[in-house]
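J.: Listed here are the chains, written in short residue letters.
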Amino acid sequence: MPSLSSEERQQLNDSLQEMLSDKYPFEHWKKLARAPGGEGFGRSEWKQFAEMGWLGVAMPEEAGGLGGGMTELGIVLAAAGRSILLEPFLGTIVLGAGAIELAGNAKQREMLGQIASGDVLLAFCHSEPDSGYARDYVKTVATKDGSGYSLTGEKTFALHAHAADFLVVSARIGSETGPLGLFLVPRTANGVSILPAPALDGRQGAAVRLAAVKVDGASRLGDSENDLMPVVDRVIDRGVIAACAEAVGAMAAVTDQTVEYLKTRQQFGQPLSKFQVLQHRLVDMSVSTEEARAIVHAALQALDDGAPDAQQMVWMAKVKTAQSARFVGGQGIQLHGGMGMTDELSIGHYYKRLTMCETLFGDGEWYLRQLSGNQRAA
Amino acid sequence: MFIRTVEHDTSLDNFRAEVRAFCERELPEVVKRKQATGQHLEKQEYDQWLKRLGSKGWLTGKWPKAHGGLGWAPAQHLAFLEELGRAGAPPLLSFGPTMAGPVIYTFGNDEQKKQHLPGIIKNDVWWCQGYSEPGAGSDLASLKTRADRDGDHYVVNGQKIWTSMAHWADWIFALVRTDQKAKKQEGISFLLIDMKTPGITVRPIIGITLGHHLNEVFFDNVRVPISNRIGEENKGWTYAKFLLANERVGNVDIVKLEANIDQIRALVAETREGGKALSDDPMVKRRMAELEVGLATVKALLADQLAAARQDGAPSLMGAAALKLRGTELQQAILQTGLDVLGRHGMVYQRDALEAGWNGEILGPTASAELIYEHLYRRAATIYGGSSEVQKNIIAKGALGL
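The listed protein sequences derive, respectively, from chains X and B. Quick note on the working numbering: the first sequence kicks off at 4 and runs consecutively. Quick note on the working numbering: the second sequence kicks off at 6 and runs consecutively.
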């Protein structure tokens, strides 16, 4: 897999930090998230990110990308987490672009350039009301309809589905037991019902209902009706590790902010940071963040290397990151006391984002369950 | 389990039947409907119901008869709470019956008892709590709101924060500094202040729930009759601690915990994973069992403290600390379990669905918004009423002599 040099990664990281701390402070987050009648994220911000090269970081250079891999994508997502960005990174450049990259034919892959340039937004609509975290439970059906297909089914809430140009929809071809296909469905197509709602962390999205939605044959990713479950599996693994990277960025921010707060907050005649019990708590937050960072990095590397145990590494990273996120996010509020409970401070918003990262595509317990049935031979 | 054993007591069976019948008859339709969907109550809806309970004396049934209570034993109080929970009634408020009332009847004078207790018993008066300040959280005794004597009045200046329901309250009980020179715990007095007094401003704080429950309360030259002081001047810390022990016992709302567990069990039952019922999942079953063990333990701790309150006039500071510590941890564990299930439905938070008149479509399980609201709100359970860290300090010092 392609990847950038350490120097290039450093530059990428620096450019992210520099621009986001300048252009995307928490006040800006609030303005975007709470704009009356708004979409819950910034389209002009998204275009700026594209201009910085961040959206195409993991796309081939011929598609207008930087030619990086998952590790570079992880760098971008960690920065997104650090500033709890509202824009559709996950759905567009991780899941959507990932599906097109892994399953699309040459013509379909041309869309990667439009994604890198910020002109196309995607949402990944896969989960269904009875699927829970199971990845292979799809009841949406795509029946042949002339040279195209007719899609019918119901997808649960997906981030940014309310604003995406195309929904990447999974459906079984022919019948509920048919091979899994992936379809690029225009959000505004006839028969698509968008049910917009906010997620816990203030990002917007939608549940999607498809009632005999007609799409042409070229909307089906790939050139054959082969079962795309293995692709979906890989796409979701990318989503998992991206959510973990995002959580690592958010945890780093929470730990930094909490350390700073305890240094300034005076009680019992001294800063709270002087109490050993609280020092140890901050240390645990810091070490938990570091553990997650390390294993997420290792998993990103494994994906880039195409290592045979890459999936197992991703799942283990999710377990550890979920545990760390719950602890660090919760303690961020606890140690801020009442202030942590206010909408005014960012710390509660980090807690919410971390909760999302923790549960997206399966929580820690769910992956432990998968790993326990899938243990490495001694 | 503790409470269920008590159910065999026939005298309580009759009492339970009476409460059940009362709820069926008197619980207003609108309150019942809103409770069922998790919608927030308007003050007058809440008030109407509490007044009906108040007319029976049940809000303060655990108070001694001498002070207008019914002298209920702990088992009867718990049975009452359980029946309310089962009837789908909203939780009781503790500011009057659990906090202000016992301080007034234990440390107040006859005039004060006559003035304030009936209003609490009947719920004619809504109270709020003026304890925390921006600079006095865990270190409560460092509070700075001051009360200076001027003739037969105190003039109060300062600010309180995190004041739950101040926007609905008629009166506030407040800790104020009446001696600037004394050691911090020794210069505090306990005042009862009419919220309509000129100079009081209430400003809302929006929480991470996105709801309004908390407030800041500002005092700008607020004149309070000296006769509104409870007990002696500069002895307020003693009364404050007495109240805190009661508050911490009240923090553990066993009915709410039970209701949350039931709600989550229902949520699990309507959730499927890979098409299979999540309720058949051994790990989920184990988790629910663990919560039941926690609940049984906390119930037992609570019963001890209620018994102590009845026999000694107050729960023990140490026992209340232990109960509050574990009770709030359990509460967070229960609500976390709910969130873990909701992750499977996409973690949608339709906060507007909790407002009356909302007629959008609820995505996913009906209880989602209510459970997420509650989860977020109860992040504060280990902070309010004295943080878990403070409770541990109390036990370290008081119980272990460290």
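Calculated from the structure, these hints are not laboratory results. Using N, Cα and C, we set each Cβ at its ideal position, and we do this for glycine too. A few of these clues could be false.
What the hints assert, rightly or not - According to the in silico footprint, chain B covers these stretches of chain X (three or more CB under 8 Å from chain B):
no., stretch
1, 17 to 26
2, 129 to 140
3, 190 to 196
4, 348 to 359
J.: If a hint holds in the structure, say so; if it does not, say that too.
T.: Hint-by-hint comparison with the structure:
no.: 1; hint: 17 to 26; result: violated (count 0)
no.: 2; hint: 129 to 140; result: holds (count 9)
no.: 3; hint: 190 to 196; result: violated (count 0)
no.: 4; hint: 348 to 359; result: holds (count 6)
Checked against the numbered hints listed earlier, the structure breaks hints 1 and 3; every other hint is satisfied.
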